[in-house]
Amino acid sequence: MNVLSKEASQLLTWFAVFFLLGLALANPLMIYASIIPIFLYCLGALIPSPKVEAKKIGLEGSAWVGETREVQVTGRISGGLGMVTLHEKLPEHFALIEGSNYRIIRKGFGDKMFSFSYKIKCTKRGAYYFKGIDWESRQILGLRVPRRGSCGRPSMLTVCPRVVTFRRIRVLRNVGYEMYPTESVAKVGTSGTDFKDIRDYVPGDPFSFINWKASARVLTRGKHNPLVNEYEREGKQSVWIFLDAHPEMNIGTSAADAFEHAIEAAISVAYYFLNRGFRLGMYVYNDLGKTFYPDTGKEQFIRIFGELLRLKPLGIGLRMYWQEGLLKAIEKNRKYLITLSPRVVIITHVTSGRLKDIVAGLTKISSYRRETRRARTKTMVFNILPYNLIPKINETEESAAKLLEIRSRELSRHLCRLRATVLNWDPENENLGTKLMNYMRLR
Amino acid sequence: MLKSERTIAKALQLAVIIGISVAASYIFQHTHMAIEVNGICAYCYVAYAATIVFCYVCVSHYSKYPAFFLSFALLSLVIFGPHQKVIGLFPVFTPLLATLMGFFSVLLVPDAKGRGFFGFLFVLILPVLLAESKVGGFLLLTSGSSASYEVYAITITIIGGCFYLRYAVSTNSIHREFVLKGASQEDVGAISWWSNLIVASMVAGSVATASLLPFAAPILEKGFQQYVAAVPLFILVLTVGLGVVVVMMYLLRTSAGEGLPASNY
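As given, the protein sequences belong to chains A and B, one line each in that order. 1 is the number of the first residue of the first sequence in the working numbering; add one for each residue after it. 1 is the number of the first residue of the second sequence in the working numbering; add one for each residue after it.
Source of the hints: derived by calculation from the structure; they are not laboratory data. Careful: at least some of the hints might be erroneous.
Restricting the straight-line Cα-Cα distance to at most 27 Å, the calculated cross-link-like pairs of lysine-lysine (DSSO-like) are [unchecked claim]:
1) A/Lys124 <-> A/Lys364
2) A/Lys328 <-> A/Lys364
3) A/Lys364 <-> A/Lys402
4) A/Lys290 <-> A/Lys223
5) A/Lys6 <-> B/Lys181
6) B/Lys181 <-> A/Lys131
7) B/Lys181 <-> A/Lys112
8) B/Lys10 <-> B/Lys134
9) A/Lys124 <-> A/Lys6
10) B/Lys10 <-> B/Lys222
11) A/Lys402 <-> A/Lys392
12) A/Lys124 <-> A/Lys55
13) B/Lys113 <-> A/Lys124
14) A/Lys124 <-> A/Lys112
15) A/Lys131 <-> A/Lys119
16) A/Lys55 <-> A/Lys6
17) B/Lys10 <-> A/Lys6
18) B/Lys181 <-> A/Lys121
19) B/Lys113 <-> A/Lys6
20) A/Lys51 <-> B/Lys222
21) A/Lys312 <-> A/Lys89
22) A/Lys328 <-> A/Lys356
23) A/Lys55 <-> A/Lys89
24) A/Lys89 <-> B/Lys10
25) A/Lys51 <-> A/Lys89
26) A/Lys312 <-> A/Lys196
27) B/Lys10 <-> A/Lys55
28) A/Lys332 <-> A/Lys356
29) A/Lys312 <-> A/Lys112
30) A/Lys312 <-> A/Lys119
31) A/Lys124 <-> A/Lys356
32) A/Lys119 <-> B/Lys181
33) A/Lys121 <-> A/Lys131
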């Protein structure tokens, strides 16, 4: 039995007023009329609020970003007379596509079975907890305090970012341009058995590598330094991703922003290289400074994928990590950049405020590699252009977005002058797979 | 679908408002006091004073200055005008004012939730409250041409109508809340019609019970006196009434003590 509401006590008051007035004024009509409020009060006391039992299907397991899920809710309402509201609270990153997650069901005299469904779209990665279906039952006259509760099992839905898989395009050797050949081998690491070259002996080379025949042959020409065989290193070249998590990357809506697309790009690039045997490391800068140590294989991908799934961009506030910048991030990971000499992918959004930092970062990478001025650097800057993600209400806003995009593209040209490969990506209008395909060719 | 159902519900509410006002107007004109002041029934003065007071009380729910202005205008009508004729018109004027107020606060502005109208109902119920009432053995009002059952029928019509409007208004406001929370129009439309029907039938049931009581009470009294004990009717009524109050108070207290049901909020 749940609590009678204020309305019910008011009915009792009305009954007392009519009844006592009738007695005081010797008016039998008033006494008879007092039966109306007391009759309604009795109805309120006798009729309880309905009870709800429900279960839902469709909000468990895992889904991809952008996937549409159908949620089915079925249940039974018993007892009482009134109306029941059922409500599944959805996280803000879920868009309701079809139907409604808020339903009202009337409950008549008998038990009532109900069933409804709605479709939602998962717009952002993350692990989401759904506690169950909230319900509220109201008695028809409202003489009882609405009964509230939650039913159905809690569930967890993991929304994973999409991994864009793109095919390699086999092109002619003389026209194929690309910066990441899939056959690039590592420069450091354990020596393999494939012969590469003969070179002069340097202190530290194992004696077993000395090519005695070749050394004897050059000795006759007056060269006293022995020659050693050089073998190809095992494994492929390393790739290092710098992912920008600056609060400015949050440009967009709650459903889609630049940071989400940056993560999508990072995961796709990681998948591409790890799938082809590259060694991959990663650093999320302007955040808590999370480093993924270079490694190869599926396990590394799962590790990166899991961490990026939980990654939440920092807001602007007292936490000052976002002031780190690319230059500091590169200096922090100097050890890996020098020893592995990896190809670097920087995923960011180029703005005038951060251009200086990116330029300084690219210069620093070049200095670590001791690259000549004419050599093309092995660095790619992934410039995400989020201006089309923002809804615009008038022409002025559209023009402003276009101007900002032009500005960002123009700034990225400065990076081209530093011999970096710049990939401008408008996630709203361009497909990531198609965009990356142009750069990830097989020579 | 929703529009037609809403229209039907509103039409029902309008019919009840008009019904109450017409019934009140009828009883206003067919009751009179034995005492006359300046050649007019003293009861007209009571209606006049109550109208001015409640006019201010009801309209001030929305805005104080117009309420004050309206009350002052009504007062000045009598002071400067041919006051006897004006006061004599008040039994007709008050139900008209109540109808307008009901139309405004129940039907026209749903957010008003009937505020102000229920104050006027107190004025409307005044004649039926006073008719048949005795103080010191004298009738306060005599119901001229109307018979006792006629007065009673009007009494329960007004009280029943008042309760119906009260619940209809609160149900409508709940439905509006549902719409604001995102419920579909079809769901709310279906619920709205159904709950109006249920509320109307419940109130009609209570009115029907009340209308049968004057006929059932003497039979019950006779049976009680014949088979149980010879107790005067007023003692029986008093005992039953007090018993009902005590039981209800007990129920109210025990249900309040149980606390709210388990909730995740």
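Going down the list of hints, with the structure as the test:
1. With a C-alpha separation of about 34 Å, the suggested pair A/Lys124 and A/Lys364 falls outside the 27 Å cut-off, and the hint is violated.
2. The straight-line distance between the Cα atoms of A/Lys328 and A/Lys364 is roughly 10 Å, inside the 27 Å bound, and the hint therefore holds.
3. In summary, the hint linking A/Lys364 to A/Lys402 is not supported, as the alpha carbons are separated by about 32 Å, beyond the 27 Å threshold.
4. Straight-line distance between C-alpha atoms of A/Lys290 and A/Lys223 comes to about 51 Å, which puts the hinted pair past the 27 Å bound.
5. Proximity of A/Lys6 to B/Lys181 is assessed by CA-CA distance (about 24 Å); at most 27 Å being required, the pair is judged to hold.
6. About 20 Å separates the Cα atoms of B/Lys181 and A/Lys131, which keeps this hinted pair within 27 Å; it holds.
7. For the hint pairing B/Lys181 with A/Lys112, the CA-to-CA distance comes to about 23 Å; that is within 27 Å, so the pair holds.
8. Between B/Lys10 and B/Lys134, the direct Cα distance comes to roughly 39 Å. Violation of the 27 Å bound is thereby established for this hinted pair.
9. Among the hinted pairs, A/Lys124 with A/Lys6 is inconsistent with the structure: their alpha-carbon atoms are about 44 Å apart, more than 27 Å.
10. Between the alpha carbons of B/Lys10 and B/Lys222 the distance comes to roughly 44 Å, so the proposed pair goes past 27 Å and is violated.
11. Of the pairs offered as hints, the one joining A/Lys402 and A/Lys392 holds, with about 11 Å between alpha carbons and a cut-off of 27 Å not exceeded.
12. Annotation: proposed proximity of A/Lys124 to A/Lys55 holds, straight-line Cα distance about 25 Å (limit 27 Å).
13. Restraint check for B/Lys113 and A/Lys124: not satisfied, since their Cα atoms lie roughly 42 Å apart, outside the 27 Å limit.
14. A C-alpha spacing of about 37 Å is found between A/Lys124 and A/Lys112, which places the hinted pair above 27 Å, so the restraint is violated.
15. For the suggested pair A/Lys131 and A/Lys119, the alpha carbons sit about 18 Å apart, so the restraint of at most 27 Å is met.
16. Restraint check: the Cα-Cα separation between A/Lys55 and A/Lys6 comes to about 33 Å, which exceeds 27 Å; the hinted pair is violated.
17. Taken as a hint, the B/Lys10 and A/Lys6 pair is honoured in the structure, with Cα atoms around 26 Å apart against an allowance of 27 Å.
18. Note on B/Lys181 and A/Lys121: the hinted pairing holds, with a Cα-Cα distance of about 20 Å set against a maximum of 27 Å.
19. Of the pairs offered as hints, the one joining B/Lys113 and A/Lys6 holds, with about 16 Å between alpha carbons and a cut-off of 27 Å not exceeded.
20. For the proposed pair A/Lys51 and B/Lys222, the alpha carbon gap of about 44 Å is over 27 Å, so the pair is violated.
21. The suggested pairing of A/Lys312 with A/Lys89 holds, with an alpha-carbon distance near 21 Å, which does not exceed 27 Å.
22. Distance hint between A/Lys328 and A/Lys356 is fulfilled; the C-alpha atoms sit about 13 Å from each other, no more than 27 Å.
23. Among the hinted pairs, A/Lys55 with A/Lys89 is consistent with the structure: their alpha-carbon atoms are about 14 Å apart, no more than 27 Å.
24. For the given pair, A/Lys89 sits about 33 Å from B/Lys10 by alpha-carbon distance, which is inconsistent with the 27 Å threshold.
25. Distance hint between A/Lys51 and A/Lys89 is fulfilled; the C-alpha atoms sit about 20 Å from each other, no more than 27 Å.
26. A distance of roughly 46 Å separates the Cα atoms of A/Lys312 and A/Lys196; the hinted pair therefore is violated under the 27 Å criterion.
27. Distance check on the hinted pair: B/Lys10 and A/Lys55 sit about 37 Å apart at the alpha-carbon level, beyond 27 Å; violated.
28. At most 27 Å may separate the alpha-carbon atoms for a hinted pair to count; A/Lys332 and A/Lys356 meet this at roughly 18 Å.
29. Distance check on the hinted pair: A/Lys312 and A/Lys112 sit about 43 Å apart at the alpha-carbon level, beyond 27 Å; violated.
30. Restraint check: the Cα-Cα separation between A/Lys312 and A/Lys119 comes to about 26 Å, which is no more than 27 Å; the hinted pair holds.
31. Between the alpha carbons of A/Lys124 and A/Lys356 the distance comes to roughly 31 Å, so the proposed pair goes past 27 Å and is violated.
32. For the proposed pair A/Lys119 and B/Lys181, the alpha carbon gap of about 18 Å is at most 27 Å, so the pair holds.
33. Proximity of A/Lys121 to A/Lys131 is assessed by CA-CA distance (about 18 Å); at most 27 Å being required, the pair is judged to hold.
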